[in-house]
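Trainee: These are the residues of each chain, in order.
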Amino acid sequence: MGFQPVYVVDGARTPFLKGRNAPGPFAASDLAVQAGRALLIRQPFAPTQLDEVILGCASPSADEVNIARVVALRLGCGNQMPAWTVMRNCASGMQAIDSAIANIQNGRSQLVLAGGVDALSHAPLLYNEAMVRWFGQMMQARTMAKKVAMFARLRPSQLLSPVIGILKGLTDPVIGLLMGQTAENLAWRFAISRQQMDEYSVRSHQRAVAARTAGRLGEIVPVVDARGKVHAEDDGVRADSSLAGLGKLKPFFDRKYGRVTPGNSSQITDGAAWLILASEAAVDQWQLAPLGRITDSQWAGLDPAQMGLGPVHAATPILQRHRLSLDDIDLWEINEAFAAQVLGCLAAWESDEYCREQLGLPGALGALSHDRLNVDGSAIAVGHPVGASGARIVLHLLQALRAAKATRGIAAICIGGGQGGAMLIETISREQAKRENQ
Amino acid sequence: MTINRNNGSQQHWQLEVDAQGLAWATLNKAGESTNSLSSAVMEELSQLLDHLDRSPPKGLIFRSGKAAGFIAGADIQEFTQLDTPEKGIELVSRGWQLFNRLAGVSYPTLALVRGHCLGGGLELALACRYLLAVDEPSTRMGLPEVMLGIVPGWGGMLRLPERIGPQAALDMMLTGKTIDASKARRLGLADDCVPPRVMDSAAALLVLANQPRRRPPLLQRLLNGPLKALVASGARKQVARRARREHYPAPYAIIDIWARHQGNALAAPELIDSIVRSPTARNLVRVFFLQERLKSFGKASTFEAKRVHVVGAGVMGGDIAAWCAQRGLTVTLQDQGMERIAPALQRAYAAWSRRVRDARELRKIMDRLIPDPEGHGARQADVVIEAIFEDTAAKQALLQQLEARIRPDAVLATNTSSLRIEDLRTVLARPERLIGIHFFNPVARMPLVEVVAADGADPEMLQRGTAFVRQIDRLPLPVKSAPGFLVNAVLGPYMLEAMRAVDEGLAPATVDEAMLAFGMPMGPIELVDMVGLDVAMAAGRSLAGAEPPKCLLERFNAGDLGKKTGRGFYEYGSGRTVKGAAGSVPAGLAERLVKPLLERTQQLVSDGIVVDADLADAGVIFGTGFAPFTGGPLNYLRRQHG
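Top to bottom, those sequences are chains F and Y. Read in order, the letters of the first sequence are residues 1 to 438 in my numbering. Read in order, the letters of the second sequence are residues 439 to 1080 in my numbering.
Think of the hints as simulated: they come from the structure by calculation, not from any bench.
Result set (DMTMM-like, lysine to aspartate or glutamate): computed pairs, CA atoms no more than 25 Å apart in a straight line: (1) Y:Lys525 with Y:Asp694; (2) F:Lys229 with Y:Glu777; (3) F:Lys229 with Y:Asp796.
Chain Y stretches covered by chain F per the calculated footprint, using a threshold of three residues with CB under 8 Å from any CB of chain F: (4) 764-776; (5) 779-786; (6) 814-824.
Sample of chain F residues at the chain Y side, in silico, Cβ under 8 Å: (7) Arg37; (8) Arg42; (9) Ala46; (10) Arg74; (11) Gly76; (12) Pro222; (13) Val224; (14) Ala226; (15) Ala232.
All values derive from a computational prediction rather than experimental measurement. Backbone N, C-alpha and C fix where the C-beta goes; we use that ideal spot for every residue, glycine too.
With the rest of the complex left out, here is chain F (with noise of 0.2 Å):
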């Protein structure tokens, strides 16, 4: 049986707020009912209608877990609404959007609110172990004497040197490398300088920028915070990028010797993004307006040490099923994690011998232009909520093909622990689609 597509109906996300070493003025489950509540009021249908709410989220905090369920109720669901929240690091905005599709293919939905959210700048101070068997012991201690004793056996050492939620988040478990370490070994394997690197993340500011001006981001609602603050656009992004500033920023994950520093990387931010997603049945019902379909998706695994090159290993697949070309692909959106990382994908596609070895290809794939990619910027400049990412490229992606007046494209996020995923996209209207099916 071939891939049933499954239609995008709508979507929107807020703005990506990026984190300023204190907590931001949104929790995630806030951001994600903002921007939720902002796109189903146009529906046709009422809240209560959805089948399910499936939420990715790669940091929910500690007491919004589910947080799935505590945004479909706060955005008035209904007690009935099954509501799931899924984990697949920096892809679980796009895992949410993949078991939408499963659900509604294998008939269990028709309507699905389906998107990803984090709140970065939330992430937890940790208490380490030492504290942690400290509080044991203290609870344990029932008389004053002992508790006095407790008090005088702390160091300040353990209070003062706490665990850094999102390090620990950005660190691969396995093999203990960070993120940004990945994106250095890619940098290394295909010798992509550090020059090519501050100049791939300049455009991405400056297209960002061109794409605000144009206003070519209307999948943006502005969110507006208890003192009344409306935050309307992506605040990561810089008009004023340049090569000469990039070049004073020091390399952070290799100290000294490194090539990727902050501003070669995606921001550390919040944000959240939805997408409505219905079967065809959903779409008679209700007589929406798709904004295109979704007509394949793929993960792949590979070496954690690599995980930036995911997007190569879940994309090729899909171009290979539908006998497509890298060039047969309007337009792609790959998020950017770390410049190093999406250069390394277009290295990797245009190597022989990483095309023959790892994809098990006869040769190169071949050469992915600029211009097709990225064309309205990406994570360096925009940010990377991480679980919010994966839902926005895909939502970016239809709505950048409708302004081009394009029709195929593929979204693909590398994810941390050596995964990728990509979604082949379609913005075909519905009676084509129609038409296609007789």
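For chain F, the structure is supplied; the task is to place chain Y on it using the hints.
Mentor: Below, chain Y alone, put in the same frame as chain F:
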């Protein structure tokens, strides 16, 4: 459980004795949806105590058989028959004796309070040894007698100060405000506060344990003993700031009875006499029934709104939206762009975060208040309210757009205060569907909402609009379309006359003082500042058509538009109002200023703008704060001439 009906004649009470020997007395007043302590209910309670005297139980637990609450208070209908001081004393005596008897029984007693427990209901609970409060939002306890111009004479003035100390007790008795279950526990009024799932077992455990009650702290015991006089004099000063003795004798009587007569009103028959003789109590009871009448409007309709769409995120629109969201509705708030809507959201957040302590509840309210710059929400709304600036063409254009998008059965309403609905609706395909739903500022504090019918308005839509107003817990007043409807129409000439007095050389503060002394909550000049001098100018033109007062014109031309610009007749600094001292008030000034208001009210009744004089009184009281002790303008007028 063995059921042991003590007496076949009991209509309202049901008594059961369970296996542990605990007696459960359930009040389920026959023929009513809420429990109140009518003389019949009290008589049966007395018989019930007789029965238990003969075979004392291990403990007695009072509870309610009504979903609505515990006991709402005395039967207010009976108050209307208090025409002689003797009857007043008899009424007080009945409850005082009965609850003293209850307080003295040999077995432990407990009131299991779930839902409202007010007035005589709380006095019954206070006569029990223990009070167990069920932790639900609907659980409210208070002694609101003062709001009806009477005193909590059935032991409230004795037992509440004993239990929680005189400061908190006087605060409750003098303002009539109610407290929730958790505050009741904090104050020591409730012995515990528990979720409904364990209320029965908690009640049984508390009674069976029969522990001594917690005593109030030493300071409170001193304040309720040797230091009474000190507390009383402080309380009198506080009351004097809010209510004058000649208008409102009851709060003064409460302080005196507590401080000088051990809370026993029977020991001060002259005070009961003065309360029964003064028209205040009668008028306030009248106002209570007027309010009940307003509450009954819209009951005939089964309409229930779930989604409301408000266009215009200014002060009115934003506050209407915030109010609806707090009342549980999903609200979409439309204006031109997020930047215009955000201040309304911020105001809503600031207002509700002060009042709603539960962070989750606050979050729910804010989640339901959805900014909607593109107006998508109109399509699914049950009620659509237009609250943009007062401009006929702009409103017409908007209403036309809305009509094309909203559901055919949705209520379409305008919040206009000065434009004619007849003019606004001309552009509609179904002009008869447009109604007025006119809120007052500030929405959260002004209970009245005028539901305005233009000629030929669809009665079904009026019904729905009225039901909607009740749904959001406001008081709907049906009025016919006419300039200013009822409330603004009567305020206009009153404010105009006040400004004429200023033109004649009186200080604004003197003019206001005259009306404060009359019993108004705010002087007419300050009211102009609140409303805005620009609005007053515009309203004056369209409502009165007369030459504007000089004092208004000067300030208007200088750009001093009142509170919103920081200066009008008075100065509005950082939260403070600078008024200057009031001079001595010329004799007859208040009568002169109020006269145009009274005449206009009378006129509007004659013109049929409002159905009858009672509703006019209700509207003017709840819409303007017109001195409630007078019973309303027309009631006042009748008494002046009567």
